[in-house]
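Knowing the structure of chain A, use the given hints to seat chain B on it.
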Amino acid sequence: MTDKTVQHALHGGQFLTFVSGDELFAVDIMQVNEIIEISALTRVPKTPDFIRGVINLRGGVVPVIDLTAKLGNGLSDLTKRSCVVLVSIERNDVQQILGLLVDEVREIIDITDDHVKPPPSFGDQADTRFIQAMAQVDQLFIILLDVSRILEQHEIEQAGAIAEQLSDSVPQAAHSNH
Amino acid sequence: MFNKLKLSMQISIGYAAVLVLLLIVSITAYLGLSSAVGGFGEYRDLARDANLAGRVQANMLMVEMEANRYLVDFSEESLETFDERFALLKELTEDARREIQKPERAAKITLIAQEIDAYEEAFEDVERSVKKRGQLLDEVFNVQGLKMRQLMTEFIEQAEQQGNTRAVYLGGRVQESLLLARLSALKFINTGERVEAERAHRELDENVASHLSDLERQPLDSRQRAELRDFRVAMEAYAEALDGMDLASRQRDTALDEMHRIGPVIANATEEVKLSVIADQGTLGQRLDAENSRTVQLVIWISVIAVVVGIFLSWFLVRIIKRPLGGEPADMEVIASRIAEGDLQIEFKNRDQATGVYRAMIHMVDNLTNTIEQVRGGADSLASASNELNASAQSISQAATEQAASVEETTSSVEQLHASVQQNTENARVTDQMATQASGEAERGGEAVQRTVVAMKEIANKIGLIEDIAYKTNLLSLNAAIEAARAGEHGKGFTVVAAEVRKLAENSRVTAQEINELATNSVSIAEDAGKLLQQMVPSIQKTADLVQEITASSEEQAAGIDQINSAMSQLDSVTQQNASSSEELAATAEELSSQAEALLDAVAFFQLDGGSQKRSRAPAHKPQSGYRAQQDSAADEDDYSDGEFKRY
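Chains as they are written, first to last, in the numbering used here: chain A, 1 to 178; chain B, 179 to 826.
Please keep in mind that the hints were generated in silico from the structure rather than gathered at the bench. One should not assume that every hint holds.
To be verified - For each label pair, taking beta carbons as the anchor points, the in silico distance ranges come out as:
| # | chain 1 | residue 1 | chain 2 | residue 2 | range |
| --- | --- | --- | --- | --- | --- |
| 1 | B | L710 | A | K46 | 34 to 40 Å |
| 2 | A | D138 | B | E678 | 18 to 24 Å |
| 3 | A | D138 | B | E621 | 52 to 58 Å |
What the hints assert, rightly or not - If the Cβ cut is set under 7 Å, some of the chain A residues that face chain B in the computed set are:
| # | residue |
| --- | --- |
| 4 | I29 |
| 5 | V32 |
| 6 | V94 |
| 7 | I97 |
Said to hold, decoys possible - Residues from chain B that keep clear of chain A, each with C-beta distances beyond 10 Å, as calculated:
| # | residue |
| --- | --- |
| 8 | D251 |
| 9 | Q279 |
| 10 | E376 |
| 11 | A387 |
| 12 | G520 |
| 13 | F526 |
| 14 | V535 |
| 15 | D558 |
| 16 | A561 |
| 17 | T673 |
| 18 | V675 |
| 19 | R680 |
| 20 | A736 |
The beta-carbon is built from N, C-alpha and C at its ideal position, and this holds for glycine as well.
Chain B with its partners taken away, still in its complex shape:
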């Protein structure tokens, strides 16, 4: 099927196949690169996730550090730093929540965000309790403690002045216990140990209170009593502040515990996030590696296949293109130019395996040789035939001249014939008129006879009446005779008269009868005449019709003769043309003869193998050789020596 296509189509299909292979290679490479690029983007996203998680972790550590610093120095500066760090941490966390989408990691991030909020709350609790402690310390402990000590010192000084030793002693004991309590309270505030707080409480509630009660039982003046009352009030406030301090410390510790719990949780969570991302990165990297290497292999294989197919197609196209050509184009050109120069003595190689144009050229040379030989033979025959034609044409010319004379004679005869036919026509027309007239007259005659018949019949009737009268007269005469006979002798004379009358009647009757017979006969004769006339009318009309037909026929004959006349004149001119044509034909035959000679000269241009060239004028007398001898019968081969052959 491929072989039936046009050459351009075949080449186009070959190149199209190569292009298709190139396209396949390109597509494969493009697909591999696209997937590699996609994998790289994914990998970069993972790296960014890991980075974000790492920053969250680092900031968390910084936040914890700042918190610890604040817990150590309680300075506003530390607090500010903490707040900055914390804001950054929250921002990063928000970033992470946006960026990290994988569900398990997102859950971790959400956990981290929650814990960070909890951490913030806890830190705020710590901050509040620290402030509360500071407030209590500044407003209660330092004030009331100092106030109690001053009151007690005043009291002791007064008691000493009064000389109340007991009161001085008791006052000293109260002062001692008070100081112990304040010491323990300070220790508690600084270290946060609750043992110290309880000891301070015990000092205040047991020692100070008991010594104070003892003191109050001493005889004292009102001023002293007032001082003691103030002292007791301050002491109660102090104790109360101590409880508040304890509560605040406990709250701070709880918050700190919470903070300490949250820190590792967040650290763990971020670590897990990082680990998860790293694990994903590992898997993705391996996969990308495998894909890339597979793409490379695929591209290499397809390229190899494309190269192989391309080589095959080029070989195949060369084969396909060469088959219709059958040889090298340069060889073709040489052969074609030799044929163009009229040289048909060409040696062909590989006659049997020849294909395409080469084979066609072999055929062309064979057929040309054959044709030209035939043309030469034909031209020879043509020359002799034209000579014969020349002779024939001259005899035709002579015959045509004789024919022209005969035609003229015929023409004059036809004209005479024409005249007589026209005479006929005229006569027939006159006859027709006469016949028509006769027909009318015969018809009128018939009518007259009819009237005659009617009249005759009337006459017969009338005569019948006369006959009747005669009969009746006869009867009368008979009766008279009878009467006369009866009269006897007297009636004799009357008898004679009666007999005479009777004879007359008889005569009348006989005559009437004769007339009647005559009339009847006349009637029948007249009727016969009428019938004959009636019969005559259609005959005459028929005659008239026939005469009209004769007229028409004569006119047609005249027309026919006219046609014959014109035909004869045409024939005359044709005959004359024939004569001149035959002369021209003779000239043409001579021309033809010289043309045949010219044709032979022209065909002599071709140089042929073989000895069939009969004319000595042929320019080339080549020895018989080549395929033509081979195609001819083997008998021909015997006629020529082997030396004259060139086998191919």
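With the rest of the complex left out, here is chain A:
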């Protein structure tokens, strides 16, 4: 799977760029389901800081990951421009919807294959698995995120568990919200 990802990663295509913690990131548009404005965010107790909570997406419970916190730059502030980028990842061969809380979405850019570079190696200590590749756009390097690797396996499990746990009760809650 790792090989597949790497092969997949090294070709260009359309990418959604966004800002998180003053850094510009990009993610493959095929991995993006939807962009929504931030709405009622329900904080779940006894969860790690980077899980900001869950949102109600057309009756389904979607866990929201604070990308800034996850990448080690502290909790992000919620502004008018904060958005949730919904991405699909596989968990145990099941499509799992995950929300990424970003500071601002920018645009959809086309990146050709020859502008895509493999991620740099920083040695064994640095965890660079979530970097799919580096793309050069207008003399700048944008980090192309591999959304399926942003979370560890067990974190994905945990997030999925929370979503499942809550989705049993959410319909009633969603109804009650209406």
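Leaving out everything else, chain B in the frame of chain A:
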């Protein structure tokens, strides 16, 4: 202290002292005379007492005499005389009791009064017994005696006729004894000797009774018997009367004894009273004599002392009066009249011992001489000084005229200044109005800017909304692009549309942002403008205030210049006055000069010793002499020949 009093007070005190001495003499004499008069009164009282006692004594003697006379003749006349005398005696005794108060003498007088009462009682007893005796004599003795004799004579005659010799004999014996008894009784009555009374009793009781008893035993007829019975009854009455007579005699004798006892007692008592009074008189006389002589001596001594003190006081007063005067009043008068005539060349005697007015006159002459010399010197200086003054006054006059011209120039300058200051004032007032108006306008401008700022802020808000809309449009375009990408080849065209939409949204956002920035900048600029306007308002107001102050100052300046103006005109008039005054001063100086001359002439009236008279016009050029030369330094003395001095 006495010396400090006024002269009149000193003289008054001296005379008062003499008067006090006179008063002391008078009081002493008066007291001595009073005591002598008092003693004389006492002495006269004593003499009256003695006189009274003597009269009491004399009357007592008279009373005794009268009593004796009554005892001799028993006449009513004697009794009356006695009563008169006795009444007088009692009266005198009462007088004595009133008058004589000294206790021992009063006791004697009381004794005398008591004894006199006793004497009266005794005399009354005597009188009663005498009357009783007379009564017995008249009623019993003469009657019964005669009756017995007649009865017995009848009896004898009858017996003889009857021839009863025995009875005749016995009758004769009875008659004999009866007569003897009657004789003895008469003797007793006349002499008062009791022997005779007893003999009469014996004759009656023994002889008559025995013979009568014998007679009764004779044979007798009834008539004779009756006669004998009558005889016996008469005889018993006679005997009884004899006893009564005896009793009366004894009572009379007792009373007489009492009288005889009382007479000497009274005499002694009166004598003692008299002696006591005489003794008192002796003592009183001696005392009065001593007192009188002492009074005389005292008066003499005090008089002598008064005379001596008076002489001393007169000497002392003369001394006291002469000391402040210092000499004879006539000499004083001469000296004073000479000074009055202006003659100060007076020779004084005893300069060092001089006192009082004399000394003051010496001082006066000395000081007058001194003063007049100074006045002469002063008048000379005054004359020259007035000349200088005259010159100065003329120069002052000239200077004052010049000053007046300068003052006029100054006055015109000041008036110009006044005009310019008033212009200033007016300008400042206009500026003030303008500043006030500008201040109000600036304030209104500030408010307008505030409103602008508010409007700008609203615009910025609205633009923020547009920006949000642009952002949301962007999101929508992104989602559309994502959907198109997912659609693959079919979505290619849609992707282009989404990209266009996204570009439009982006443009909108950028434009909105620019507008927002512009608005924000405008807001801050407007705010700055507001702030500047706000700052301008107080500055303008401050300017207005300052301009008002300038106005006030200008007005004050105008007032000050007015004052300067009036002061200048005053100065002008003063200067002109100065000019005329200095001219007057010059005239006055000349007047002064002539007055100094006149003063010198006037002072020349005094004739002085000494050669310090500098002016030849001085009327008297006396040689230097008198005290003044002596008072001056010895060096001066050397300058003059001895012949010019008169030493005093």
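Hints, one by one, checked against the model:
no.	hint	in the structure
1	L710/B <-> K46/A: 34 to 40 Å	violated, 59 Å
2	D138/A <-> E678/B: 18 to 24 Å	holds, 21 Å
3	D138/A <-> E621/B: 52 to 58 Å	holds, 55 Å
4	I29	holds, 5 Å
5	V32	holds, 5 Å
6	V94	violated, 19 Å
7	I97	violated, 14 Å
8	D251	holds, 193 Å
9	Q279	holds, 155 Å
10	E376	holds, 197 Å
11	A387	holds, 204 Å
12	G520	holds, 133 Å
13	F526	holds, 135 Å
14	V535	holds, 131 Å
15	D558	holds, 121 Å
16	A561	holds, 119 Å
17	T673	violated, 8 Å
18	V675	holds, 13 Å
19	R680	violated, 6 Å
20	A736	holds, 72 Å
In terms of the numbered hints stated before, the structure departs from hints 1, 6, 7, 17 and 19, listed from lowest to highest.
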